[in-house]
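Visitor: This is what each chain is made of:
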Amino acid sequence: MDYLTIIQILDSALRLATPLLLTCLAGLFSERAGVVDIGLEGKLLAAAFLAGAAAAVTGSIWIGLLAGIAGSLAFSMLHGLASITFKGDQLISGVALNFLAAGLTVVIGQSWFQLGGRTPSLSGNGRFEGWDLPFADAMAKIPVIGPAYDELISGHTTLTYLALLAVPLSWWVLYRSRFGLRLRAVGENPSAVDTAGISVVKLRYAALVIAGVLCGLAGTYLASLAAGFVKDMSAGRGYIALAALIFAKWRPWYALWATLLFGLLEAIGNRYQSIALGDFVIPVQFMQALPYILTVIILAGFVGKAIPPRASGQSYVKER
Amino acid sequence: MNKMPKWADAVLIPLISILLAFFFSGLVIWAIGKDPVVAIKTMVQGAFGSTSGISYTLYYATNFIFTGLAVAVAYHARLFNIGGEGQAMLGGLGVTLVCLAVPWPHWTLALPAAMIGGALFGAAWAFIPAWLQAKRGSHIVITTIMFNYIGAALLGYLLTKVLKVPGSMLTESARFPEGAHLPNFSEILAPFGINFSPNAPANMAFFVALLCTFLFWILIWKTRLGYEIRAYGQSETAAKYAGINPSRIVIIAMLISGGLAGLMAINNVMGEAERLIDNAVEGAGFIGIAVALMGRNHPIGILLAALLFGFLYQGGAELSFWESIPRELVVVIQALVIMFTGALDNMVRMPLEKLFVALGKNKKKEA
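Chains as they are written, first to last, in this note's numbering: chain A, 6 to 325; chain B, 17 to 383.
Rather than coming from a laboratory, the hints here were simulated on the basis of the structure.
Just so it is clear, the structure is predicted and the values come from calculations on it, not from any experiment.
Some hints could be false.
[What the hints assert, rightly or not] The list that follows gives simulated cross-link-like pairs (lysine to any residue, SDA-like), each with its CA atoms no further than 20 Å apart: (1) B:K177 with A:S116; (2) A:K254 with B:R152; (3) B:K177 with A:I287; (4) B:K50 with A:W176; (5) B:K238 with B:Y91; (6) B:K180 with A:K254; (7) A:K92 with B:P367; (8) B:K177 with A:V286; (9) B:K50 with A:S116; (10) A:K92 with B:K177; (11) B:K238 with B:G249.
[To be verified] If you anchor each label on the Cβ, the simulated ranges turn out as follows: (12) A:L169 with B:K177: 34 to 44 Å; (13) A:A240 with B:K151: 25 to 35 Å; (14) B:K377 with A:V322: 16 to 26 Å; (15) A:W67 with B:N215: 34 to 44 Å; (16) B:R264 with A:L282: 37 to 47 Å; (17) A:R276 with B:P262: 43 to 53 Å; (18) A:F184 with B:I234: 33 to 43 Å; (19) A:S196 with B:P367: 51 to 61 Å; (20) B:Q61 with A:W67: 23 to 33 Å; (21) A:D7 with B:R264: 50 to 60 Å; (22) B:A190 with A:R276: 27 to 37 Å.
Built from N, CA and C at the ideal position, the CB exists for glycine as well.
Turn these sequences into a full structure, and let the hints guide you.
Guide: In structure tokens, the structure reads:
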């Protein structure tokens with residue numbers, strides 16, 4: 006394996022990690038506020054569909070982005086209605102949202118476009134284009150760092166850079182702002198927050214709004230990357246992001262590394278259909294299952310214990 | 017505490033929730049420019065209009081009884097088993113291995129053996145998440161989701177590399193021997209002089225499902241183990257003080273749950289396909305969640321909910337054929353049922369409770 010191949014694999018890892026990272030951060034905000042979000046998968050799918058549909062009709066991915074965020078937000082608010090306002094089971098609500106997205110995107114997609122649940126393919130302004138960072142062409146000729154700069158760092162879409170920026174931003178919001186402090190508190194000890202005169206309900210809804218926007222970005226990215234929406238295109242990414250979130254122990258910087266790792270696994274799996282170790286060939290299915298296997302091992306606490314926010318999964322009932 | 021009469025809690029609330037779910041499903045049909053009334057007629061005609069339709073309805077219902085019971089057993093212990101899909105997949109593997117291992121002379125011998133195979137493999141697939149939950153505190157919802165994906169990958173590998181018939185283009189196992197064929201409804205009913213569609217899939221497994229429903233009721237409400245499971249589900253601390261070992265209950269409840277999900281394979285793999293095919297479970301594991309929620313984790317409720325979803329599944333297939341509404345409409349209905357009967361339960365319950373409290377006050381005044 007030569008240097009350029011490694012660079013290319015890393016480049017594709019970054020590409021594949023982008024939606025995971027955005028979704029993972031979405032889950033981070035929601036779970037840090039005490040709302041477990043199994044429904045990430047559904048939000049991702051709903052956003053991808055609406056983004057794909059809007060971009061196909063209008064020819065602009067930016068309008069697609071708005072539609073994707075709107076769809077994801079609607080799902081987020083439904084989750085809030087069920088699990089915050091009506092104090093329902095957050096897990097059940099999330100599961101319902103995932104099925105709702107899986108069903109509605111196909112039923113509506115077929116009704117709108119008659120393509121068996123796909124949207125028409127996107128081209129030109131209907132997709133995000135890669136950004137060539139300054140001097141990318143000129144630097145490409147420099148050995149070692151040139152190709153790395155040209156292939157790996159330059160040439161990604163707006164959303165990839167946005168996702169990377171979202172990491173320090175999330176860190177700052179969560180750990181350096183008053184809002185973040187309250188958000189984390191509401192996930193650990195909501196009654197304390199309530200006693201301080203701050204609305205638990207409002208904070209949790211705010212967290213779900215952030216989660217909805219981030220999932221909207223991630224879904225739009227998927228639609229743009231694949232040049233259109235395809236049935237079930239989120240393909241478990243919402244769950245992988247959830248896994249990455251646990252792997253990252255609900256921390257923004259760790260979330261970056263975790264999603265990059267899962268992106269790398271996917272990139273390697275895509276590039277090498279089977280990997281031979283001497284006489285033994287690792288089957289492609291093993292590579293596909295690896296993120297899930299890793300998550301189970303991490304969950305089992307063999308690689309350091311992952312402790313979720315204490316109040317996550319519980320709806321807050323005011324004392325009377 | 018008794019704000020509501022028991023019948024309202026057991027019947028009225030689920031009924032209103034389901035009506036709400038159906039109302040919104042109708043809204044979806046209307047929104048895509050189709051007529052909900054025509055859609056319902058098509059579905060009823062397709063599911064009950066012919067013996068073939070009835071057979072498919074019962075066949076799907078059989079799957080959902082198994083997976084619904086599976087979710088319900090775990091739920092009585094306050095464990096949310098989303099892994100029914102994977103457990104049913106592995107159950108299919110167990111049934112396949114048993115059916116292909118011996119040239120079975122007669123189904124009466126093959127069925128019990130296949131049941132053991134399916135239940136064992138399903139239970140084994142539930143064991144790891146159960147053990148991790150009991151001993152390491154890993155959240156069962158996440159681990160069972162992960163095990164669905166791991167199971168799908170494992171089966172994908174086995175089907176393409178191990179079980180596939182050499183030289184065949186199809187990713188499926190060899191056909192089961194003739195002796196492992198389960199009688200279908202046409203063969204069962206023929207001696208009684210009843211004509212039933214000969215090629216439709218409902219089979220002997222339906223009666224096994226009914227038996228399991230009855231055994232479920234005995235287990236949960238008439239045995240010591242069932243009592244312990246329910247006690248643990250109601251309050252872990254109280255159960256601990258009563259001398260119930262939490263790890264033991266978690267693991268046993270999940271083993272039974274996985275076993276029931278695995279048993280589904282005697283219907284779809286042994287009864288219908290008679291070989292292991294790719295994606296044999298077709299989402300039945302997930303529908304079990306809706307069935308259990310709708311049926312309030314009670315065997316009679318689960319039976320009725322499974323029949324309803326059997327109807328929706330078969331009717332949905334007809335809908336896509338005649339009305340060109342995609343089959344995924346059933347997934348939408350399933351989602352709405354889970355949403356309204358599960359997560360939005362309080363939305364229906366709170367106003368009803370107020371209503372009953374108000375009614376109760378009036379009565380007292382009159383007296």
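Visitor: Out of the numbered hints, which ones does the structure contradict?
Guide: 1, 4, 6, 10, 15, 18, 19 and 20
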